[in-house]
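**Student:** Now for the letters of each chain:
2 protein chains.
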Amino acid sequence: MTVHTPAPAVGTAPAEGPILMAAEGTAAFESHPRATTDPAARAAASTDRSGYEPATVPDAVVHAESADDVVAALRLAHEHRIPVVPRGAGTGLAGGASAHAGEVVVDVSRMNRILSIDPVEMIAVVEPGVLNAEVNAAAAEHGLFYAPDPASTAICSIGGNIATNAGGMWCAKYGVTRESVLGLRVVLPDGRIVSTGRRTIKGVTGYDLNALFIGSEGTLGIVVEATLRLRPRPVRTETLAAYFDDVEAAGRAASAITAARIQPSILELMDGPTLDAVDRAEGTHHRALGGAFLLAQTDGYGAHLELDAIAEAIAPFATSVHRAADTAEAEALVKARRDAIPSLEQLGRVSIGDIAVPRDRLAEAFKGLEEIAARTGVRIFSVAHAADGNLHPMIVVDPSESITEGPAKAALGEMFRLAKRVGGTLTGEHGVGLLKREWVREELGDTSLELQRAIRDVFDPEHILNRGKAL
Amino acid sequence: MTVHTPAPAVGTAPAEGPILMAAEGTAAFESHPRATTDPAARAAASTDRSGYEPATVPDAVVHAESADDVVAALRLAHEHRIPVVPRGAGTGLAGGASAHAGEVVVDVSRMNRILSIDPVEMIAVVEPGVLNAEVNAAAAEHGLFYAPDPASTAICSIGGNIATNAGGMWCAKYGVTRESVLGLRVVLPDGRIVSTGRRTIKGVTGYDLNALFIGSEGTLGIVVEATLRLRPRPVRTETLAAYFDDVEAAGRAASAITAARIQPSILELMDGPTLDAVDRAEGTHHRALGGAFLLAQTDGYGAHLELDAIAEAIAPFATSVHRAADTAEAEALVKARRDAIPSLEQLGRVSIGDIAVPRDRLAEAFKGLEEIAARTGVRIFSVAHAADGNLHPMIVVDPSESITEGPAKAALGEMFRLAKRVGGTLTGEHGVGLLKREWVREELGDTSLELQRAIRDVFDPEHILNRGKAL
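So the protein lines, in turn, are chains S and G.
Under UniProt numbering, the final residue of the first sequence carries the number 471; numbering is consecutive throughout.
Under UniProt numbering, the final residue of the second sequence carries the number 471; numbering is consecutive throughout.
The set of hints was computed from the structure by calculation and includes no laboratory data.
No more than 30 Å apart at the CA atoms, straight line, and that leaves these computed lysine-lysine pairs for DSBU-like:
| # | chain 1 | residue 1 | chain 2 | residue 2 |
| --- | --- | --- | --- | --- |
| 1 | S | K335 | G | K173 |
| 2 | S | K173 | G | K173 |
| 3 | G | K335 | S | K173 |
| 4 | G | K420 | G | K367 |
Now the in silico label distances, taken between C-beta atoms and shown as ranges:
| # | chain 1 | residue 1 | chain 2 | residue 2 | range |
| --- | --- | --- | --- | --- | --- |
| 5 | S | E282 | G | R233 | 36 to 44 Å |
| 6 | S | T327 | G | A260 | 16 to 24 Å |
| 7 | G | E401 | S | E79 | 53 to 61 Å |
| 8 | G | D446 | S | A311 | 52 to 60 Å |
| 9 | S | S66 | G | D446 | 17 to 25 Å |
C-beta atoms are modelled at their ideal positions from N, C-alpha and C, and glycine is treated no differently.
Pulled out of the complex, with its shape left as it was, chain S reads as follows:
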C-alpha cells in the first residue's frame, strides 16, 4: 500500500486516554494487505447517515474480505495501540461508525456472503456485510423471512443491525435483532476469536455473551459471522391504512390497539409534515387524506379476522380507513413508510431521534414533540413504530447547519428529557453512537455505567474499539 502522510488530527476524535499520532497509526497498517490510505476511501469511511460531519478523516481503511483480514487488523491495532472503528454499510444513525484522524477503519462490507441456509432448521449463516434485504430475499426462496427489518433494509447490513440491536416494522410481533440472532463469531480487540450462542433455539450454558455483543455498538469485538434465526413466512397477510385529523388522534388509536389486546405484525405511524414530504418526493397523495397516518398489518391464519379487530378498535379515532385490496396496494402503503427518511433527506440535513416510550403515552409524546419544535424553532417530522412505543422524531436543518450544536442539538436533548419524563428511553433501536453520549449516564445511573465500563475493559482493556462511543 502507498502511505500518505495524513493531515494532523484537529481534535474532533473522541478524547479518552492517549490517542496516537496519526502518522504512527498509518505506518503500522502498511503491512496489512487490505489497507488503503486513499483519500477518497478515507473520506467515504469517515461518517454514517446520522448527519454528523467529522472535521477530520481516519488515517487508513482496511477493506476486510475475510475473518483473517479482521484478525490481522486487530492484531496490528492491539500491538500498536491504534484505535479502530468497525464499519459495515455506513447507514448508522447515531455516529457510531464515524471515524477521525488517528483512527483506522475496519470495513467489513466486502464480507457479504450468505454462507448457508438450512430451510428445515430455519437458520441462515451469514457474513456481517450482507445486506438485510439480501438475507430476506434468500430466505424467501425457502418460504422464510428474517424478522428484523429496519426501514433501511435495502442498504443496511447485518453486522450493523447486530451492533445496534436494530428493530424495524415487523419487530412489533417478532422481536428485535436480539431475538433473531442465535450465534456469533467475533474477533476480539486482541485478535482472538470467540463464538457465542448456538444453533439451537434454546440454550443456557454460561452467560449470554451473544446478547452482550448485540447492541454493543462495535465496542467489544468485530462480528465476522452470524447465525440467524429465520421464521416461516405467514400464510396470510392483511394490511390497512387509516387517516386521522392529527397525530394525537393517531397516537390514541395506536394505544387503543394495544389496549384491545391485538397483536399487529406492523403498526406504523406518520405525522402530517412527514406525509407532505413523502408525497412531494414520491408523487403520492397521503396528506390530502388526513393529518396523520397509521399503517397496520396482521399476519397468520386469522389475519383477516385480526385486521377486523384493528379496524374496530381505531374507528372512533380515524377519519377514514382503507383496507388494501391486494398485495400491490399493501406494498405501496408499506413503501410510503419506508420512504419517510429518504424523503426528508431531500429537505435538508436530517438528525433522527429514536426515543421509546410506554405504549399508552404515545399521544403525550407527540404533543411534547410539537412543543419542542415550537420552543427550539427546529422542524420536527415524526414517525413511530407505534406498537413498540418507539418514536423517530426527525429534525431537519439547513445543509449548512450542524446537528451537533445549536437548535438541533438542543432539540435532541429536549427529546431525551421528554422520553425520561414519560418513563421512556433515549434510544430504542439506533444506538448511542457519538451523538447521544452525554445523556447515557443520566439514563443508566452511576452503578450501571460503572459495571458496563468494567465489562468493556474485560474485552478491550486498551479501548481500541470504537473508543468514545456508546458508553
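The hints should help you fit chain G onto chain S, whose structure is shown.
**Tutor:** Frame of chain S, contents of chain G only:
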C-alpha cells in the same frame, strides 16, 4: 438469633478459593434480623429438586422479606467473605441452589408480592419470590398472560425462572424468560443495587445487562424486583393430542410441523415409559393409545385453521389424532404433560437431563437416548419441548442411589456427548448448576469461558455468590 455451632464441613462444598470456617460465617450473620441457624431450616435450604443430596447443610439461612434484608445480608457476606447461595422456591433441577457447610443461604421466597400490574402497558412488577402461576393468575384478571411457563409453574418462583432463563411450553411461540423480562433490580455482591433494562418494549442505551443477569444462575447478583412483560391472552386456543407407535415416529411428526412452517404455541412430546408413569400416578389411559404422545396447541384468530394444518402435517406418522372438544379436554391433555415429573418422582430418585438439539434431529436424539439407556443400564424417560428441540430425558434410579456418581452420572455425560454430536447444547433451560459443570468448558471453549469468568469477577471479585456453580 440463637447461634448453634454447626457441624464441621465434610468437604462437599465446591472448592474454589479459600472457604471460611463454618463457625465464622455463622457468627457474622448473628446480627442479621432475618437469619436463623435452626437445623430444620438449614436442612430445608440445602438442596433443590435435582435429586442431588449434599453431605452437609449450610451454616445459616436468611429469610429475606425485603430488598433491605438482601442488601444487609450481602454487606455482611462481603465484609466477612462468606459464600452466599441465593434461593427462591428451591425447585431448580441442576443443583444451582444447593448449599453446604461454610455457606449462608439468602432465601427470597418470602419476598412474594406482586407490586403492580399495568393492564394497558401489559407490565407486571413483582418480587422474586412470587410463584410463576401466581403471576399468571393475576395477569388473567386483565386478559393477559405471562409466557414463560415451566412445567413446575405452580411451585417455581420468578426469581428462579430468571436465574435459569426458564422456558416451558408456551415458549415455542412466545420465547423464554429473557424475552419476557423487561427490567430488573439486583443487589450486587457488595450490597449495591443496580437497575437494568426498562419499562419500554425497546431500548438499546448501554450493554444488555438485563440479559446478562438472566440465566446467570445467581452468580452475579440477587434479583429483588422484576418488571415482566405480559401478553394478550389469545382470543382462541385449539388443542390436539396425537399418538404414535414409538418415540421416533413422534419425533419425525414434530419435525414435520416445523418443516411445514407452522407455529404451534405448544408442542410437547412424551415417550411410552413416561406415559406409563403418568397413567399409573394419575389414573389416566394414555399408554393404551400408543407408544408416544404429542400435544399440540395453536392460538390466535386463526387457531382452528392452524390446528388443521398441524393435523395434516402429522397424519402420515400418527396412529390416532384426538382434537380437544372443549377447554376441559384441552386442560386434561396439558395436565398429562405437567404431571410427567411428579409421576416419575414416585418411581425413584429423578435426575433430569435438559439437552437441546436442532429441531430436525429430534428422532435421532431419541434413538441415541435409547442406546444410552441400554449401554449404561439406567432407566430413561423422555419428554420434549419439541418445537424448540429441547429434550428432558429423565434418569430414574433407586432412592438409595446417587445421581452424581455411577450409572446415572455416566448417562448424564453421554447425553451431553449425544447433544454435542448432533449440534446441540448441554442445557436448554435448567442451567448448569452444580451437576453439569464438568462439561461447560467443552461446550463454551477456553476463550468464552475465560471472558465469562472475567465478567463474573467484575460483579463478584471475591466469588461470594453461588461459588463453584454455573461456570
